[in-house]
Structure formats: C-alpha cells, structure tokens
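Student: Residue-level listing of the chains:
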Amino acid sequence: MTETKTSNRSRETRSGVIGRPFDRIDGPLKVRGDATYAYENTLEGTAFGYILGAAVAKGRIAEIDTAEAERAPAVLLVMTHRNAPAQPDFGPAVMPTVPEVFTRARPALNSERVRYYDEPVALVVAETFEAARAAAGLIKVRYDEEPGLYDLPGHVADAYAPKRTNAGFETDSVIGDFESAFAAAPVKVDATYRTPFEHHNPMEPHATLAAWLGNELTIHTSAQTLANFRAAVASTLRIPLERVRIISPFIGGGFGSKLIAHADTILAALAAQVLQRPVKIALTRQQMFANAGHRAEMIQQVRLSTDTDGRLTGIAHDVWSATSSFEEYCEQTAVFARSLYAAPNRLTRHRLVPLDINRGEWMRSPGEAPGMLAFECAMDELAERLGLDPIELRIRNEPAQDPERGVPFSTRNLVACMEEGARRFGWQRRNPTPGSAREGRNLIGYGMAAAIRPNYIGAATARVAIDRDGRVTARLDMTDIGTGSYTILTQIAADSLGVPISSIKVELGDSRFPRTAGSGGSWGAASAGSALHNACTALKQRILDAAQSSEASPLRGANTTEASFADGEVRLGQRSASLADLVRRIAPDGFEAEGSVAAGAATQSYKAFSQHSYGAHFAEIAVDCDTGEIRMRRMLAVMGAGRILNPKTARSQIIGGMTWGIGAALMEQTVLDPRYGHFVNHDLAEYHVPVNGDVPQMEVVFLEEHDDKANPFGAKGIGELGVCGAGAAVANAIYNATGVRVREFPITLDKLLPDLPVIAI
Amino acid sequence: MQSFTYERAASAEQAAAAVAARPDAKFISGGTNLLDLMKLEIERPAHLVDISRLPLDRIEETAAGGLRVGAQVRNSDLAADPRVRSRYPMLTQALLAGASGQIRNKASTSGNLLQRTRCPYFYDRNMPCNKREQGSGCAALQGFNRMHAVLGASQACIAVHPSDMAVAMAGLDARIETISPGGETRTIPIGDLHRLPEATPHVETVLSHGEMIVAVTLPPPPPGRQVYRKVRDRASYAFALVSVAAIVEKSGDRIRSARIAMGGVAAKPWRATEAERMLAGAAASDGAFTDAAEAALAGAVGHGDNDFKIPLAKRTMRHTLAAAAESA
Ligand SMILES: Cc1cc2nc3c(=O)[nH]c(=O)nc-3n(C[C@H](O)[C@H](O)[C@H](O)COP(=O)(O)OP(=O)(O)OC[C@H]3O[C@@H](n4cnc5c(N)ncnc54)[C@H](O)[C@@H]3O)c2cc1C
Ligand code: SF4
Chain A
10 MTETKTSNRS RETRSGVIGR PFDRIDGPLK VRGDATYAYE NTLEGTAFGY ILGAAVAKGR
70 IAEIDTAEAE RAPAVLLVMT HRNAPAQPDF GPAVMPTVPE VFTRARPALN SERVRYYDEP
130 VALVVAETFE AARAAAGLIK VRYDEEPGLY DLPGHVADAY APKRTNAGFE TDSVIGDFES
190 AFAAAPVKVD ATYRTPFEHH NPMEPHATLA AWLGNELTIH TSAQTLANFR AAVASTLRIP
250 LERVRIISPF IGGGFGSKLI AHADTILAAL AAQVLQRPVK IALTRQQMFA NAGHRAEMIQ
310 QVRLSTDTDG RLTGIAHDVW SATSSFEEYC EQTAVFARSL YAAPNRLTRH RLVPLDINRG
370 EWMRSPGEAP GMLAFECAMD ELAERLGLDP IELRIRNEPA QDPERGVPFS TRNLVACMEE
430 GARRFGWQRR NPTPGSAREG RNLIGYGMAA AIRPNYIGAA TARVAIDRDG RVTARLDMTD
490 IGTGSYTILT QIAADSLGVP ISSIKVELGD SRFPRTAGSG GSWGAASAGS ALHNACTALK
550 QRILDAAQSS EASPLRGANT TEASFADGEV RLGQRSASLA DLVRRIAPDG FEAEGSVAAG
610 AATQSYKAFS QHSYGAHFAE IAVDCDTGEI RMRRMLAVMG AGRILNPKTA RSQIIGGMTW
670 GIGAALMEQT VLDPRYGHFV NHDLAEYHVP VNGDVPQMEV VFLEEHDDKA NPFGAKGIGE
730 LGVCGAGAAV ANAIYNATGV RVREFPITLD KLLPDLPVIA I
Chain B
16 MQSFTYERAA SAEQAAAAVA ARPDAKFISG GTNLLDLMKL EIERPAHLVD ISRLPLDRIE
76 ETAAGGLRVG AQVRNSDLAA DPRVRSRYPM LTQALLAGAS GQIRNKASTS GNLLQRTRCP
136 YFYDRNMPCN KREQGSGCAA LQGFNRMHAV LGASQACIAV HPSDMAVAMA GLDARIETIS
196 PGGETRTIPI GDLHRLPEAT PHVETVLSHG EMIVAVTLPP PPPGRQVYRK VRDRASYAFA
256 LVSVAAIVEK SGDRIRSARI AMGGVAAKPW RATEAERMLA GAAASDGAFT DAAEAALAGA
316 VGHGDNDFKI PLAKRTMRHT LAAAAESA
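Residue numbers (the working numbering), protein chains in the order written: chain A, 10 to 770; chain B, 16 to 343.
What the hints contain is simulated information worked out from the structure, not anything from laboratory work. Source: prediction; values computed, not measured. We treat Cβ as the ideally placed atom computed from N, Cα and C, and that holds for glycine. Hints may contain errors.
Straight-line distance between alpha carbons at most 27 Å, and here's what the computed BS3-like set of lysine-lysine pairs gives [stated by the list, open to error]:
(1) K514/A with K616/A
(2) K121/B with K41/B
(3) K616/A with K54/B
(4) K41/B with K39/A
(5) K718/A with K39/A
(6) K197/A with K718/A
(7) K121/B with K149/A
(8) K54/B with K121/B
Pulled from the structure, derived: some chain B residues nowhere near chain A, Cβ distances all over 10 Å [as the list claims (entries may be wrong)]:
(9) L50
(10) R83
(11) V218
(12) T232
(13) P235
(14) A313
(15) H334
Derived Cβ-Cβ restraints for the label pairs, each shown as a range [stated by the list, open to error]:
(16) Q706/A with T288/B: 42 to 50 Å
(17) A61/B with D167/A: 19 to 27 Å
(18) N120/B with S511/A: 53 to 61 Å
(19) S266/B with R684/A: 53 to 61 Å
(20) E289/B with R642/A: 37 to 45 Å
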C-alpha cells in the first residue's frame with residue numbers, strides 16, 4: 010500500500026501529469042522480453058570472450074602456458090599480459106581530484122602483478138562462449154605468491170587517515186570538545202559495531218559487446234553512467250573520447266556497481282581491436298564478487314552522551330574501513346552524522362586499513378547504509394539507558410539548523426515522519442521492556458530508526474525536439490537502471506509542454522546524446538529531470554518566438570508575454586492554436602532546444618541550505634524462541650522527500666531500499682578468507698539476499714513536501730533513502746523482541762542463540 | 016566447462032553399462048547439481064549418460080503397504096503426491112523446504128540423494144579440498160566453516176550432505192534400489208548409502224561406478240506424528256543450518272516409539288538412534304526431549320564458526336519432538 014499526501018495538482022502543474030502513479034513506460038517491453046540488455050545484442054561475426062581469474066590474491070605470474078588453450082577448437086585469441094595491447098599504467102592509489110576516480114584508465118592484463126584474488130590473468134576469445142570457457146580451463150598458470158593482508162580487525166592499529174572521503178567530504182569533523190563532554194556526561198553510550206563486506210549483486214551481470222568500425226569504437230554495455238565508461242575506455246585505450254560511443258538503454262540493476270567500467274568492458278574493447286571483430290564478454294556471477302566492487306568491511310564506534318533529560322551533549326562516530334592497497338575508497342560512513350541530530354560537541358572520523366583486495370565501490374546509499382545501521386542502533390541503546398521512547402529521544406535532539414554547517418535546512422520533516430509513522434504503525438503497542446512480548450513460541454519486537462540522505466544534483470544537459478506532427482523526442486545520456494527514469498522524464502516533458510505522455514518519446518542510454526550525471530547517488534531524477542525541464546522551457550521559448558514572428562503563424566503579432574502550453578495547445582494572450590498545427594505551419598522541420606543544470610555543490614542554494622531527504626522506518630519482527638530464526642512481520646516507512654514525481658516508481662524505490670535494509674540487518678555478508686584473500690561465499694546460493702518469503706507487508710507513506718531550494722519541481726532523491734536506517738529499525742526490533750543486542754552485522758541466529766533463554770515447552 | 020559427449024539411455028541396464036564402460040562417464044538426471052559443478056570444472060565428466068527420460072517416474076503402491084518412488088520422480092511431483100502428503104507428510108515438508116520451485120521441478124529423486132556438498136571451498140578450484148582433489152588438504156577445517164559438520168566428520172573433510180529429502184527418508188527407513196552394469200539389482204538401506212569421510216572424502220557413497228539408482232522404497236508409514244523442521248538463514252531458498260525429522264508415537268502420555276533424523280550436521284542424514292532408544296517408553300515431557308537432544312549430540316564437535324550448530328540442533332530437536340508429540 011502506498012499513500013501520498015502530495016496533491017496531484019500542485020502549484021505549477023497544469024496538466025497534472027507530475028505526481029501521478031503512471032506505470033513504467035518500459036514495463037511492457039521488459040515483460041515481453043523486448044528490452045535488449047547488453048549481452049543480448051548481436052552483431053555479425055561476434056566472438057565470445059571468457060575471463061580467467063587469478064588463483065592467488067597477491068604475487069606475480071611466474072609462468073603462464075596458453076599453448077593448449079590456443080590449440081583448442083574454435084579459439085581465436087588468448088590474451089595475457091604478454092600480448093595484450095599496451096595500456097597506461099594504473100597509476101596512484103589516490104587520484105588528485107575526486108572526478109578522476111570515475112574517468113581514470115583501468116588497464117586489464119597489463120602486468121604480471123596480481124593485486125587481488127580473481128583479477129583477470131587471461132582472456133580467451135572463441136567462436137562460441139562454450140569454446141572460450143573450455144579453453145580457459147586449459148591455461149596453466151604458476152604464481153610466485155606473496156603474503157598479503159586480508160584482515161581488517163587485526164590491523165586497525167595500522168589505519169591511516171585519507172585526504173577525503175568519497176564524494177569529496179572532509180575526512181574528519183570536529184566541533185567543540187567531544188572528549189571532555191563525553192567524560193563529564195551523566196548518561197552515555199559507547200558501542201562498537203561491525204558491518205561486513207557486502208556485494209551489490211544486480212540481476213544483470215556486468216557485460217559488454219564491443220565493436221570497432223574503422224577507428225570508431227561502439228560499446229554496448231550495462232552502465233549507470235555513460236560518461237564515466239566513455240572516459241575510462243578512451244583513457245585506457247588511449248584514443249580520443251569522440252571515438253568511443255557507449256550504448257546502454259536497459260540496465261538490469263546496478264546499485265552503484267556500474268558507475269565505472271570494469272574488466273568486461275576494457276577487455277572486450279581490446280580484444281575487438283586485436284581481432285577486428287565484435288567481442289562480447291560477461292563477468293560470471295562468481296567473478297562479479299572480486300571484479301565489480303563491494304561495500305567494504307567496517308568497524309564503527311559510536312559514542313553518545315546526554316544530560317539527564319536526554320539532550321545530546323556529544324556525538325562521536327569513528328569508522329575504520331577496509332580499503333584496497335592499490336586504489337583508495339573511503340565510504341563517507343560518518344558524514345550523515347554531521348547533519349542528523351543537535352549536539353554542541355561533535356566528532357566524526359574516517360580511517361582506512363589497506364588490504365590486498367580490489368577497490369570498494371559505491372554501493373546503494375554509500376555512507377548511510379552502514380553508518381546508520383550502527384548509529385541508529387546506538388540511539389536505540391541510548392534511549393533505553395535514558396528510559397525514553399526512541400522517538401522522543403530523537404525529537405529532543407531535533408536541530409534548528411544544520412548542526413555542523415550552521416545553515417538552514419531546505420526542508421526537514423523528520424519529526425513529522427516519526428510522528429506520522431508512530432500513529433500509523435501502532436507504535437504505542439510496543440512494549441518497552443525487551444523480551445517481554447510473546448505470541449506462541451515467537452518473541453515479538455518493534456523497532457524504529459530515522460532516515461536521512463543528502464540531495465545531490467549532478468551536472469546534466471538534455472535535448473528536446475518537436476516535429477511537425479507534434480511528436481516530442483527527448484534525448485539525454487541518462488540511464489534507467491530499473492528505477493523509472495524513462496517514465497518520470499516522460500512525465501516531466503509532458504507536463505512542461507502541455508501534451509499527453511503518448512506524444513513524448515524519451516531516448517536514453519547513448520553517449521551521443523547530451524551528457525548527464527547518469528544514475529547514481531539518487532541524483533538521477535532531479536538532475537536529468539531539471540535539465541529536461543530547462544530544455545523544454547527553451548523549446549517553448551523558441552516556439553513562442555517563431556509563433557509571434559513567423560508569417561505562417563496563426564498567432565503572429567500576438568503582442569503579449571502571457572503564454573501557456575496546455576492540453577496540446579499554445580495560448581498567447583486571448584489567442585490559441587494547436588501545438589502540432591502551429592509547428593507544422595511555422596517550422597516544417599520542427600524545433601529543437603537544449604537545457605542544462607549545474608552540479609548542485611556549485612550552486613548558491615546548495616551552499617546556503619542543508620539539503621536532505623528524511624524519513625522514519627518502523628519494523629515488527631518475530632524471533633523463534635527455540636531456533637533464534639528472525640522473520641519480518643511488517644514494515645512501514647514514512648518519507649519526507651520533497652515532491653513525489655510518480656508515487657508508483659517512488660514506492661518501488663523505497664520498498665526496494667527497505668528490502669536492502671532487511672538484507673543488511675539479517676543476512677548479507679561476504680566472507681573474506683584471511684588466509685587466501687578470496688571472498689568465500691561468492692555465489693547467490695551462499696551470499697544471501699532477501700527472498701520473497703523474507704519480505705513482509707510493507708507500507709510506504711510520502712508526506713506532502715515541496716523543496717523549492719532543490720530544483721524546479723521541488724523533488725529530492727529517493728533511490729537510496731529507503732535503505733538508510735531501515736536495517737537499524739530491524740535490528741532495534743530484534744533487541745526489543747529478545748533483549749539481546751547484537752553489534753555485529755548481519756544478525757544471524759547463531760549470534761542470538763547464546764543469549765536466547767530456553768523457554769519451557 | 017570441458018566438452019563432453021552425450022547419450023540418451025534407452026533402458027536402466029543400458030545406462031548402467033554405458034557409464035561403467037568409461038571411467039570418465041557420469042549419469043545426468045535433472046542436472047541441477049551436476050551442471051553447476053561442470054560449469055565450474057569441479058566435475059569434469061567426458062561423457063554423460065542422460066537418464067532423465069527413462070520411464071522411472073512413477074510412484075507405486077508396494078505389496079507391504081508402502082510406496083515405491085521411481086528414481087526419476089521429480090521433487091515437485093513427489094512432494095505433491097496425495098499419498099505422500101497423507102502418509103509421509105514429513106517427506107513432503109522436507110521436499111518443499113528445499114531449493115526453489117524451479118529447481119524442484121527439475122530435480123529428481125536419485126539426483127537429490129546424490130547431490131554433492133555445498134562446501135564453498137569444494138566449489139572453488141583454487142582452494143585445497145580433499146573431496147575434490149585427494150590429498151590437497153581441507154580448507155574448511157581452519158576456514159569459514161559455519162555450514163559444516165559437527166557429527167561424523169574427520170580431519171580430512173568436515174562437509175555436510177545438503178539434502179532435506181534424504182533426511183526425511185532416513186527417518187522413514189527408506190531403501191534404495193540400484194541396478195548394476197551386469198543387470199544385477201540390490202537394495203541398500205538409506206542409512207548405508209552415504210559414507211562418512213574418514214580418510215577418503217572423495218568416496219561419498221557405497222555405489223560402484225556405473226551402479227544406478229532406479230527407485231526408493233518407503234516402508235509402510237510408521238505410527239506416530241511426523242514433523243520436519245528445517246532451520247535456515249532466510250525464509251526460503253537456503254540450505255539447512257540444521258534440520259530435524261521426527262516421528263513420535265504415543266500411548267497416553269508416554270512415548271511408545273520415536274524416530275529421529277538430522278540434517279545439516281554430517282556427511283549423511285544422521286539417525287539419532289541413541290535418542291530414539293531413550294525416548295521409547297519415556298514420558299512425553301520437556302525433560303525427556305531435552306535429554307534425548309543431549310544424547311543425540313553427545314559426540315558432536317564444532318570447528319569454530321559452526322560451534323553454534325550443536326546447541327541449535329539440540330534446541331531444534333527438543334521443540335520438534337515436542338511438536339511431533341503434541342497431538343500424536
Ligand atoms: C541454489 C540451489 C539451492 C538448493 N537448495 C536445496 C535445499 O535447500 N535443500 C536440498 O535438499 N537441495 C537443495 N538444492 C539441491 C537440489 O535438491 C539438487 O540439485 C537436486 O536434487 C539434484 O537433482 P538432479 O536430478 O538435478 O541431479 P543431477 O544434477 O542430475 O545429479 C546429481 C548427481 O547424482 C548423480 N545421479 C543422478 N541420478 C542418478 C542415478 N539414478 N543413479 C546414480 N547416480 C545418479 C549424477 O551423476 C550426479 O552426480 C539446491 C540446489 C540449488 C542449485
Ligand atoms: S570440508 Fe570437505 S569439501 Fe570442504 S574443503 Fe574440506 S575436504 Fe573439501
């Protein structure tokens with residue numbers, strides 16, 4: 010069930026297209042199997058590649074014997090570091106500026122060095138996939154193995170402070186004197202949590218079909234951000250950007266693992282160049298674990314102190330995270346804590362321990378996902394210590410302005426979300442004494458947590474054209490990773506131009522279209538949407554100019570600035586004409602216009618306001634008192650996330666996020682073997698994500714909100730908000746049910762069992 | 016995956032002979048386990064004999080009042096059979112607790128019995144594993160062994176047999192019928208089918224190369240109420256951490272007989288005979304169930320990550336016995 014309290018016709022909407030729960034425009038294509046994903050593309054003469062990964066995590070290739078593989082049937086090429094085309098060196102572990110992380114060269118098969126387990130050491134290309142895979146099994150590699158470091162907890166003492174975190178935030182923040190405040194406080198919590206390695210595991214694996222035509226390279230792939238892929242391919246292959254075209258119209262999930270190019274893309278491009286034929290490569294599910302990013306393991310210490318009334322006097326959030334020895338990634342895990350609650354003394358720090366593993370990457374809600382899992386549990390621990398309701402504790406610490414930046418909030422409805430949620434969820438039924446609610450042999454618990462997620466805007470441009478039949482085409486290199494970009498962009502264009510959505514065709518996922526920031530960081534809708542909105546505004550201006558001046562125009566000479574586009578008509582003062590008719594008469598070739606939006610961080614509004622989406626999560630769980638099995642019963646999220654463009658796609662994003670919260674709280678974990686440096690459970694049978702049976706009744710409510718500081722629609726990002734805090738609500742419910750506080754995620758039954766009392770039968 | 020040749024068997028005898036004729040040949044049934052292992056080159060048969068189309072897909076009444084389940088009966092069909100549901104409910108429960116609907120539609124009775132361990136080191140060719148490569152060592156022993164055995168393991172291998180169906184069948188005293196390349200048949204009690212690892216974990220059953228399972232016979236349902244309880248990390252589509260199949264026959268407040276099998280704890284479905292003996296004649300009480308569970312796990316040894324399985328198995332057995340005794 011979803012409800013939106015946003016009225017359908019809000020201020021500047023004439024046609025009422027925005028805010029309506031349209032079905033996904035790409036839905037029928039996907040249901041019919043007509044949406045072509047990267048690996049499904051076929052070109053005449055396509056050859057198939059299969060990657061062989063390293064059997065050790067650190068060392069060098071002493072010997073690699075490819076003779077047998079080369080002789081195997083249908084094999085066209087065996088590529089190793091000995092014969093791969095020259096590529097630039099990988100370069101430093103830390104790039105001089107943030108954006109270079111996305112665009113740097115990512116050479117593959119470039120060196121005899123092995124930097125992480127399952128790093129590509131060879132590529133076999135053959136006439137069929139089967140032949141390539143079989144031949145890969147014939148390659149013999151001897152390694153000089155070197156001892157590596159694979160153990161975060163054992164090396165916390167060696168941690169270093171990076172220069173910045175992901176997204177360019179300060180590594181540390183210090184306000185007041187936390188240590189003294191903490192020492193002097195009458196009530197405090199000092200709790201250390203552990204969050205594990207996690208993997209994105211989108212349904213669609215990373216896959217690429219690369220083809221050269223002369224010196225032009227076309228890449229069909231599965232990418233969230235086309236410009237990043239284009240830049241990485243160009244710099245790795247040392248060719249000009251203009252010679253690379255990236256096509257990615259449909260993406261079977263990304264969750265941040267498709268923001269940068271991986272080995273499938275680079276190797277397909279190289280092999281296609283060598284063979285002068287199209288080459289197709291996909292990472293296997295197992296290979297995705299080592300080669301397509303992960304969320305790093307972390308240790309988080311949260312210290313909170315209050316006066317006797319529960320007003321926070323100090324907040325400290327310290328994070329030690331694993332990183333890669335050859336390329337740094339520092340998730341901004343404690344950054345949200347700089348904006349969430351009021352307190353005079355504050356401290357947040359990020360420290361890194363380099364391991365001999367691949368680099369961590371952006372994984373849905375980077376920062377908040379692991380950070381709030383720990384922090385919002387600590388708030389629950391604090392509430393209990395104070396004898397306060399967890400919601401009341403949060404209300405008492407609601408800040409009047411951003412507590413560290415000292416600027417006002419653009420909008421902030423956290424308290425309203427919590428109160429509305431409490432009412433709808435029946436929060437008053439929660440028994441505050443843990444372990445005291447039982448139904449049969451189940452222990453029942455309620456938990457809640459707050460949600461916060463920054464609103465980002467990425468630079469974007471869109472082009473929109475109208476033809477003589479009144480058909481509108483919008484083009485931008487934005488992507489739809491299953492989120493609904495096609496649909497909301499269609500709504501935005503229809504709304505702006507006052508035409509039915511059936512007149513709009515949105516074309517995405519081609520680097521020939523104007524550049525956007527793609528899908529990531531929940532910025533897609535707002536960034537691409539704003540650019541498209543501005544493009545439509547420019548288009549309307551063009552049409553109006555011509556309508557007033559063109560000889561053929563029925564509106565010629567209308568001497569007014571009062572213009573509107575609605576219901577397929579253009580109105581100028583008292584006069585009006587059908588839009589299609591007008592265009593046909595005054596511009597047989599139609600009109601075209603572009604619009605852009607600048608990156609949020611650069612704008613005045615971003616500097617002057619603290620911009621976030623907020624929410625409150627509620628969870629009810631049952632714990633089997635005999636086995637310790639934890640099963641969800643229901644969840645509720647109440648969100649204040651600006652104007653909701655499409656309640657249906659928005660709800661899908663939130664419930665998907667809540668499902669991620671369940672996964673993080675209860676089951677997702679990749680185990681890094683400290684002896685071999687490999688992810689042990691690297692397939693979907695052993696790496697558990699929630700299945701249908703794990704996902705309970707979920708309710709999502711959007712509060713009416715319009716953030717006029719954010720963008721022309723008043724909308725904010727929601728793709729990641731659903732994750733933030735959701736897991737902590739689950740964990741807090743487990744504590745409420747059992748009285749057992751597990752601080753090591755995921756909370757699997759083995760961690761509950763030792764403290765779970767045996768109840769008489 | 017290495018290339019292989021393929022033939023479709025015309026009869027059970029011919030299939031057995033075809034596999035026996037080549038040391039590198041294997042039967043393929045539903046393929047849901049074997050194909051995965053072949054893709055990863057953990058299994059590398061050079062020849063496959065497809066037995067999935069043999070007419071072994073019937074469930075028939077036996078003269079003794081039991082059921083004879085053909086080796087090719089699909090897991091879904093076996094679970095849904097009305098006779099199985101009413102007379103062997105814990106077999107249905109066990110089957111439906113396993114894998115996913117799609118896999119059960121394809122998986123066969125014999126393939127389920129002979130599916131191989133899910134030990135993640137077994138699944139990674141770069142890791143030492145005595146089961147995959149004799150004498151290479153056991154990476155799980157000192158490694159991530161949360162899913163591993165607490166009973167009947169050895170220093171050579173601590174893997175578990177992952178089947179749910181086999182656990183229920185063990186509790187029901189099923190018998191396995193096979194045919195050998197020469198056409199001879201034999202019947203093996205399910206408890207004797209799988210071998211404990213000892214020093215040779217790569218030898219998993221008593222079947223000889225080319226010996227083929229043709230059916231599983233279920234004796235008439237034993238008196239008492241049947242319950243299969245699987246404990247797992249998520250609600251569905253996860254292998255058992257532990258599972259318990261229990262049948263409790265009561266007379267008044269006393270237990271007349273009990274049968275107990277455990278899954279997820281050993282390289283084979285584990286019959287808890289000592290616990291069964293203790294329960295026979297005992298009062299149906301929390302104390303008796305607790306003592307039985309203690310006895311069942313008396314020899315259990317944890318290896319670190321899987322230590323929790325010992326208390327978990329006890330707790331699960333206690334309440335499963337209680338549930339089976341409830342209205343028996
Ligand atoms: C993701 C996943 C989750 C799963 N979860 C569970 C679970 O929770 N519980 C569970 O119990 N199972 C589970 N399974 C395993 C599933 O039950 C087995 O894969 C299936 O039962 C195997 O049957 P099959 O017919 O496909 O066997 P195949 O793969 O065809 O064969 C398996 C083995 O048996 C041999 N074989 C088959 N038939 C005969 C015969 N008649 N005589 C001699 N040898 C034979 C084959 O040679 C092969 O070695 C899961 C599987 C997957 C992939
Ligand atoms: S437990 Fe057995 S299967 Fe697993 S690694 Fe050890 S020997 Fe191999």
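Student: Next, verify each hint and record whether it holds.
Tutor: Results for each hint:
Only pairs whose Cα atoms come within 27 Å are accepted, and K514/A paired with K616/A is rejected, the gap being roughly 35 Å. Simply put, K121/B and K41/B have alpha-carbon atoms about 18 Å apart, close enough for the 27 Å limit, and the pair holds. For a cut-off of 27 Å, the pair hint linking K616/A to K54/B is broken: about 54 Å separates their Cα positions. Between the alpha carbons of K41/B and K39/A the distance comes to roughly 39 Å, so the proposed pair goes past 27 Å and is violated.
The suggested pairing of K718/A with K39/A is violated, with an alpha-carbon distance near 36 Å, which exceeds 27 Å. At roughly 37 Å between alpha-carbon atoms, K197/A and K718/A are farther apart than 27 Å, so this suggested pair is violated. Using a Cα cut-off of 27 Å, the hinted pair K121/B and K149/A is violated, with the two alpha carbons roughly 36 Å apart. Taken as a hint, the K54/B and K121/B pair is honoured in the structure, with Cα atoms around 18 Å apart against an allowance of 27 Å.
For L50/B, the shortest C-beta to C-beta distance to chain A comes to about 12 Å, beyond the 10 Å cut-off, and the non-interface label holds. For R83/B, the shortest C-beta to C-beta distance to chain A comes to about 32 Å, beyond the 10 Å cut-off, and the non-interface label holds. The claim that V218/B is not at the interface with chain A holds, since no C-beta of that chain comes within 10 Å of its own (minimum 24 Å). Every Cβ of chain A is farther than 10 Å from the Cβ of T232/B; the closest lies at roughly 31 Å, confirming the non-interface assignment.
Look at P235/B: its CB is around 30 Å from the nearest CB on chain A, clear of 10 Å, so calling it non-interface holds up. With a cut of 10 Å on Cβ distances, A313/B stays outside the contact zone with chain A, its closest approach being about 18 Å. Non-interface status of H334/B relative to chain A is broken: a Cβ of that chain comes within 10 Å, the nearest being about 4 Å off. Between Q706/A and T288/B the C-beta distance comes to about 44 Å, which sits within the given range of 42 to 50 Å.
At about 50 Å, the CB distance of A61/B to D167/A disagrees with the hint of 19 to 27 Å. Hint check: N120/B to S511/A, Cβ distance near 41 Å, so the stated range 53 to 61 Å is violated. Take S266/B and R684/A: their Cβ atoms lie about 55 Å apart, and the range 53 to 61 Å holds. The hinted range of 37 to 45 Å is satisfied by E289/B and R642/A, whose Cβ atoms lie roughly 38 Å apart.
Of the hints listed earlier, those the structure fails to meet are numbers 1, 3, 4, 5, 6, 7, 15, 17, 18, in rising order.
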